[in-house]
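So the protein sequences, as listed, match chains W and F.
Note that UniProt numbering has the first sequence beginning at 1, numbered continuously upward.
Note that UniProt numbering has the second sequence beginning at 1, numbered continuously upward.
Possibly wrong hints are sitting among the right ones.
[Stated by the list, open to error] Only some residues are given here: those of chain F computed to face chain W with a beta carbon under 8 Å:
#1 165
#2 416
#3 547
#4 635
#5 669
[What the hints assert, rightly or not] Here are a few chain F residues that sit away from chain W, every Cβ distance over 10 Å (derived from the structure):
#6 354
#7 368
#8 579
Since the hints were derived computationally from the structure, they do not count as laboratory data.
Model, not experiment: these values are computed from the prediction.
Virtual Cβ for every residue (Gly too), placed ideally from N, Cα, C.
There are 2 protein chains.
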Amino acid sequence: MGYGEVDQTAINTIRLLAVDATAKANSGHPGAPMGMAPVSHVLFNKFMRFNPKNPDWVNRDRFVLSNGHGCMLQYALLHLFGYALSMDDIKAFRTIDSITPGHPEAHDTPGVEVTTGPLGQGFANAVGLAMAQAQTAGTFNKPGFDLINNYTYCFFGDGCAMEGIASEAASTAGHLQLGNLIAIYDDNHISIDGDTKCAFTEDVMKRFDAYGWHCEYVEKGDTDLQGIEDAIKRCQDVKDKPSVIKLTTTIGFGSQLQGTGGVHGNPLKADDIKHVKKQFGFDPEKSFVVPQEVYDMYHKTADAGAAAEQEWNKLFEKYASEHKEAHTDLARRLTGKLPEGWQKSLPTYKPTDDAIASRKLSESVLEAIYEAVPELVSGSADLTGSNNTRWKKAVDFQPPNTGIGQWNGRYMRYGVREHAMAAIMNGLAAYGTLIPAGGTFLNFVSYAAGAVRLSALSHQRVLYIATHDSIGLGEDGPTHQPIETLAHFRALPNIMVWRPADGNECSAAYYVALTSKETPSLLALTRQNLPQLEGSTIEKASKGGYVALEQEKADITLVSTGSEVGICLEAVKTLKDEYNLTTRVVSMPCMEVFDAQDKDYRMSVIPDGIPTMSVEVMSTMGWEKYSHEQFGLNRFGASGAYKDVYKKFEFTPEGIAKRAKKTVDFYKDVKPLRSPINRAFLQLI
Amino acid sequence: MGYGEVDQTAINTIRLLAVDATAKANSGHPGAPMGMAPVSHVLFNKFMRFNPKNPDWVNRDRFVLSNGHGCMLQYALLHLFGYALSMDDIKAFRTIDSITPGHPEAHDTPGVEVTTGPLGQGFANAVGLAMAQAQTAGTFNKPGFDLINNYTYCFFGDGCAMEGIASEAASTAGHLQLGNLIAIYDDNHISIDGDTKCAFTEDVMKRFDAYGWHCEYVEKGDTDLQGIEDAIKRCQDVKDKPSVIKLTTTIGFGSQLQGTGGVHGNPLKADDIKHVKKQFGFDPEKSFVVPQEVYDMYHKTADAGAAAEQEWNKLFEKYASEHKEAHTDLARRLTGKLPEGWQKSLPTYKPTDDAIASRKLSESVLEAIYEAVPELVSGSADLTGSNNTRWKKAVDFQPPNTGIGQWNGRYMRYGVREHAMAAIMNGLAAYGTLIPAGGTFLNFVSYAAGAVRLSALSHQRVLYIATHDSIGLGEDGPTHQPIETLAHFRALPNIMVWRPADGNECSAAYYVALTSKETPSLLALTRQNLPQLEGSTIEKASKGGYVALEQEKADITLVSTGSEVGICLEAVKTLKDEYNLTTRVVSMPCMEVFDAQDKDYRMSVIPDGIPTMSVEVMSTMGWEKYSHEQFGLNRFGASGAYKDVYKKFEFTPEGIAKRAKKTVDFYKDVKPLRSPINRAFLQLI
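If we strip away everything but chain W, and leave its shape as in the complex, we get (with noise of 0.2 Å):
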């Protein structure tokens, strides 16, 4: 069809917005919006099948700005498309409240998939939607039924490309072979610190192509438009890999300073603008100006995506009529609802039952559910057998000609790549179809720490399964034993640290994760096994805290989790038998989940006029909160057997008794003793 002035036009009008916004902001980055406005133009206008009045639509083409600091492409694009994202808009680009944050926030902003900016997150982010895509496709599609087809496009540039997480994740698509990913890489050769020959000089294209992607090239990716479109359409062609087309451009093309570091992450000088303006053919005195002609265009091209939605919708109908429960299956999981009643099968316990790992507790709550919430997909990293994130009639997720799988599977593969895993999950929940839950040891959940923050903060429904969740993981020692991964997580905002303390609590924690549509969830567990509580019930630990022995006159609450509310309970005993103290017992399975309810009930857990001691066997850091005192371990483990390990940090009856004691002691003076939950005055939230 060829590219004329108006394509032209376009290009700069998204370059100048950029350029414009940036200067406005005073902040930001125009250079990749510069130098990637050409390959936006054709990929959006010429491939990308979405409708900006409907973003939400399943079977929308996704993009995914993975080097995001760019972000001002994807706003300028969303705008001119015509999703909700006006002039206004762009112009509070970068200042409180607005929709056009420095970095892309997917929860905020229509259009936008998944939160980038953080640099390689949106690649893996990119390799998640493909693989949702992948098992949607697989679990959904029917003869004359292509309900789900569409592909996802990344940008991504150096930076992306030099993260490690950037590489897990292509590895993974690579042996997945995902034909619906599309990643383009902005080879511009500049990164922060200048020419990116003072770090990177790798052969970027040789890599991917060591992990199976197909690779293409684009020599002029300033100029050459309709070799970007021809690199696009074979990359299509390819069914059976990922692709990834290098496109050499020049980072803030037009400006001045082109082909610099200048251009990277500050606005052009005010004469630079009037320069680029000129250059480009627009007034030099007038800012934020899209010609009609480039609207019009584009609406166009939205009124085709609109139409392309109706069709879709019509096959689904259809759909529903010849494949009524699978229609009634998509329907309902768009809707972010699980199905009703599922819970009914999550398992519940006896004090009399068997003592049992919670990270077997856990194994017990998918084999229970999996066949009642369809769209949770589990998987690990490489920790399959020791995670216990398994169920034993699950397929795993692989392309069928492995032999070791199929596309509608279950189970995914992560391999040693903790950080892609989480980063891929992130992508698996923003498709909208499936509920990601994936299992590392909890001390590993720091390499993905990344990720894992934009689960919090792009607000996606994602189970982190951490087993081996403390010293009591034994002889794997001090390298393995998280201290400080606990107290890291609660300092995150929006996300639920649960460590259940038996079966109930284990039950509570995947009931309220999976209700939780806006909110990730972390799941500590333990190798050792655990007893199952007299006083547990999946409603009481789905308060976060409550009362597991209450007494009348108490002297002393202990409050805990996980493996340690069984020690205390223990500690019952030997309070009252050395000391004549007696002793309530609070089990605090999730702190997020118990800062949610009402004080009255706050209160009544951890009451006032009792002293209040916490034990958990690593950082006490978080516990005054809810405690005056803290028994735990503010330093690393050691390698042995998981009792002598206990036993050297003293977290046995008598270690803790001996503690509690001295509490009560210390707090006999003080009036009026206040719960900790008593303050002085709220947070902000």
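With the hints as your guide, set chain F onto chain W.
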């Protein structure tokens, strides 16, 4: 020279020590030691130069077991070659307080260079060790004095090969043309989930080739000792590239379960142990057997190593006479002590000096001390201009043929590879001649969490220069604004987390960081300007916390860090004017250092009888240890100009005063009102 029976006996002895030790511990990983015993034998006995009697000899060859779960391989070698690791130590494998913990720990076991186990770390440490060798050689070698020319050898497995951190490090090593680095890839096709074909089907050697590595392949790694030797020799001959040998081995070689996941992480069954011993010609009824000829052979090699060290010592004496200054410098560095009087170079500030961002203050420290502290090497993960980590006259550490640096350069260009940077710094520090500092945004230190943890666990003197430390970074927004990060690292044992409030505090942070030989430090630094405080000195700040403003009969103590200390000082006036309250202000730049002061001092800073409120513009977690009430930010931030963001969240004199007033009122009736420093019992440390 060929290989004979005694070589095979030695190899099988190594295998059986791993079999016996894991069986006795009823825990551990026999598979990798059994598979890698042949290459270990060839490498340690034919190539490596080391003196077991002096594991600290600076020019020894370094060995890193990146697949650290196979540590019985390393312990067996250390024992057999005569390091201070006895057969009783082998028998105490994985028991409490042994020097043979579940994964190798550098700080505790002679001959273990770096702490490994968390996958991929050791590989990146090895890159750091090789960089340190190249940098130290570049600095100290002179014509006729090839003082520093050791090799770094690294074993790694499929797990390490999958980890992003290893990808980042491999790309870095290829760029840097590290000819003295030789990595051996245990291609055994098995990881915990079974055959690696379920997740890992990339072409690993093609990938290393893409990074610029020299690649070798030995197909029969179980038996082809000569092939292994020849491959290592060819690698040694390649001087301008790091080398990798892909070695196909059989995991658990000799076991009935060889070649399966069953031998990866579980001891062999009793009958299998007998089977293996019989097969290898050992007495099936005996355990922990070392034929004398094996000791003899290995001790001869060790003696040759000792002799090599003697030769080297002579060369170093001669060096003393011809290059006195360099000799003194190197000899001093090896003691870990800084040059006499270096601290006199630290900048000091008066209250009348300009307001300056603490990232700039940090730059001024580097500028002031780099000549006085020649072992200091700086760098950044591609944020040099933002982290302010580079002194003006710095030379980049680069292969000279790149034309952009020298081997003796002291500035590292890590690229956008935070995790590898941190692990490389652990390797740089472990080498013994350098103190590495490396920068990124505080938020992205989280990408490096796995390696930061090992800085702490393995007692490495590493400095993390973490700029853009809060919502004060402004427009980049929530994706870049740390909330949980300081809580995370404060909860990690053995790391000092600094957040200096002004120039003197910044100098104090460097003073304590550089003089703490066994503890890493993280310096959280602002993007925005900070005033120089009235009451600060290097000496006071070096106590971690001090009274910045004392007042008679104070109604409240405000305790704060970094950018909020100045705002607290402003709030003093607001509190007096609006509420007639008298306010003390404490600056607490480093909690860990404050905790190390005696109790009298700490109580003088945060005394009994006065309510204390903390002010820090991020998670309040951890502040309960020093305050009764906490003003912080337990939600994600916002994108906007930093003053607008501070205002939105009420981090203003008014916002502080309002909450301080509530705190005073709330605690009026509590008697006695104890300082939070006052506790019922001490924590285990």
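These are the hints, each one checked on the structure:
no.	hint	result
1	165	5 Å, holds
2	416	4 Å, holds
3	547	22 Å, violated
4	635	5 Å, holds
5	669	7 Å, holds
6	354	22 Å, holds
7	368	23 Å, holds
8	579	14 Å, holds
This entry does not satisfy hint 3, going by the numbered hints stated previously; all others are met.
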